[in-house]
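Student: So the sequences go chain by chain: A and B. The numbering of the first sequence is this note's numbering, which starts it at 1 and goes up by one. The numbering of the second sequence is this note's numbering, which starts it at 1 and goes up by one.
One or more hints might be untrue.
Quick look at which bits of chain A chain B covers, simulated, 3 or more residues with Cβ under 8 angstroms [stated by the list, open to error]:
#1 27 to 35
#2 105 to 118
#3 253 to 266
What follows is a set of in silico ranges between Cβ atoms, one per label pair, in the way DEER data are often shown [what the hints assert, rightly or not]:
#4 A/Val148 with B/Ser45: 50 to 56 angstroms
#5 A/Ala202 with B/Asp100: 26 to 32 angstroms
#6 A/Ser13 with B/Pro433: 40 to 46 angstroms
#7 A/Val247 with B/Phe99: 52 to 58 angstroms
#8 A/Tyr188 with B/Glu63: 26 to 32 angstroms
#9 B/Glu267 with A/Ser13: 38 to 44 angstroms
#10 B/Arg168 with A/Met127: 43 to 49 angstroms
In silico negatives: residues of chain A with every beta carbon more than 12 angstroms from chain B [to be verified]:
#11 Met141
#12 Lys150
#13 Leu172
#14 Phe191
#15 Pro243
Hints are computed from structural coordinates only; laboratory data are not their basis. Backbone N, C-alpha and C define an ideal beta-carbon position, used for all residues, glycine too.
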Amino acid sequence: MERPYQAQTLRHSWEIQLRVVGALLIRETLTRYGRHNIGFLWLFAEPMLFTLGVTALWTATKTVHGSDLPIVAFALTGYSSVLLWRNMPGRCIGALWQNLALLYHRNIKVLDIYLARILLEFGGATMSFAVLGTVLVGLQMLDPPQDVTKVVAGWLLLAWFGGALAIALGALSHRSELVEKLWHPAAYLLFPLSGAAFMVSALPPFAQELVLYIPTVHGVEMVRDGWFGDRAQAIYDLGYLIPFNLVLTLYGLLQTRRVAAIVVPE
Amino acid sequence: MIRARNVHKYYQTSFGANHVLSGISFELRKGEKLGILGRNGAGKSTLMRLVSGAEMPSSGTIERSMSVSWPLAFGGAFQPMLTGRDNVRFISRIYAQDFDRNLAFVEEFAELGPYLHEPVRTYSSGMRARLAFAISMITEFDCFLIDEVGAVGDARFHERCNYELFVRRADRAMIIISHDAAYLRDHCTRFAVLHDARLRQMADFDEAYGEFRRLVGLQPDRQVAARVPIDRTRLIEAAQTRALRDERFTMLVQDGDLHRDARRWAEAEAAYGAALALYPYQRSYWVQHAHAAKEQGRLAVAEVSYRSAGALGEPLPDVREHLDFVVARQGDDPAQWPLREYVPGSAAAQTPALSDVRLLALLVWGTDEVEAAEARDLLRRHDSCDALLAAMIGDPRFAGAQGEWIAAQRQDAPPPAAPPAPSPPVAADPPPPGWADALACIACPATEGRNPEAVAQAISSTGQAWTQLIAAGGFATWPLSRAALERRIAA
């Protein structure tokens, strides 16, 4: 097999990968947000606007969510989570086609292109969530989270799921256009089922059983468990979400490897 | 060292697996420079991508124990929304290099001025090429891959590129692919030919080039589509691009250039002449042909070729001085026989070139052999294709070749009940390539409502150009020629 000149030790490889992903991240940020008006602040201004808009809508329509949680808190945790796992695949699908020419630089691997985009989305969604949370708590429209560690852990598990899904779909999309075509309706339909708009405990038992097959539900429930504590009556199982993420990650990496073997730079 | 062992590459396509490379093996040591010749689509660029590591072989291995560049002068990796400066920064990050030093080099080398701080999408293609090459030079590699670097930039930039590559980096290994054989000859130490998915290493340039010529001569380039142009103007336009896409033509003129550089004028004239026989309406190489003839003192030949260049649209300032020189050397007054330029419009009014003299001679005299001195006098005296054809009809050779036709016209009646079966052309020489198409679009242009495609078809299937053209109403708008024909029949 190939024995690239520079990748001699694992540590050296790791340094190269960090450098490359970092460079791609900056390139991606500059390309997407430029240097005009607020520049890269759009990175989280955009998801913030989304979340605020949805929060306002849900408040106005007094959306039923089947718990006594305040609607603002419910919308913030719910919609932020959706943005977290949904935007990553959206940015990775077709990413390779747009960046084929980069592969002429041998240190840049297919996976690096995906990783850079995933990190960027993660950064945007996380900053949006953190800033909104802080501001709303500061304005006393929201109680501070009861268990920050649990919120962070749930958030990271959701991000892991989103990233793994993004790598898998990104790699698959290089081989079939169907992925891109199907992703949009799938993402749209998954939104109401993802756990963003309901609490599992509010559902009838047979529905609970069904929605608990959806991995994002576990992540969102965990975030809410951390934020609201017992008031949320969260139901989730890390024994399901973590193995699911592991398998999905493995599948995504295998697909990426397959694509890397057949990809033809421009 | 780079070591390729039994490398295969195929692509899955809708029509099955396409085997692009098959069992490629070679080694390249430090400082060696390998030049690869190959036809269009032979897989040269694929091989480069595999060696660079941007793409994986389907089977086989490529080992690298030295750092290898990306294919040089390649600008595709620019993000067009970013500035030139941002792109330099990106490459510096990827290769862990000092950004300020690199930026200073690019500023100096690419000469983009303030544009370095503008998005790359606002650059001209020349600016992109300069930026691409400069960025290629900021990263030091043990081996450079050079893919048609000669194709970009002006002469001065070209020289600086050559200096950076071949003087300052003379100790590096290189793999070079180019259509320009002389470029390979001047810069490589080893040579190979890529053909039919296989790479064959050759002992020296002459052997590799000979093999390449043989392969190119085998079949005409499939990419050159042959459609009949709609009129003479389009014929000339099409010849410029078609000729340069036909490897037989490019190889012959390259041959001519090699001889010219070595001051072997007779060989150069022959090579340019052979190229122009393929595309007589390609204007640029008439000048080269004329120079080669002039150097041998073949002044009439040179004059004819200079006039042809002007007639087909070569800018006059490039030609006039030379033409005046050869006219004066023949003891004539250049002011009396000035250079005539290309005129747009219908073929009848356009300035004739040697291409037209030969084509029309074949049509009305039955031979395209015209002595240089005669061709010179024809082109001197006649300022339009119509006048030229009229003069040729007035020549006794017309009566010789078209006697039967003239007789048939005089009887003012349909031809005899049992016309002699059209005798297949006795001429030992087959007509030159494209002659039917050229005649059809000149005599029966679509711009005058005729169908050159059908006429060309009729000419090549019957071999009877004159009768077919006249029957199709050819030369309808050529008053001088029509009058000359009337006189012929009446006499």
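Student: Against the structure shown, which of the earlier numbered hints fail to hold, in ascending order?
Tutor: Numbers 5, 6, 7, 8 and 9, in rising order.
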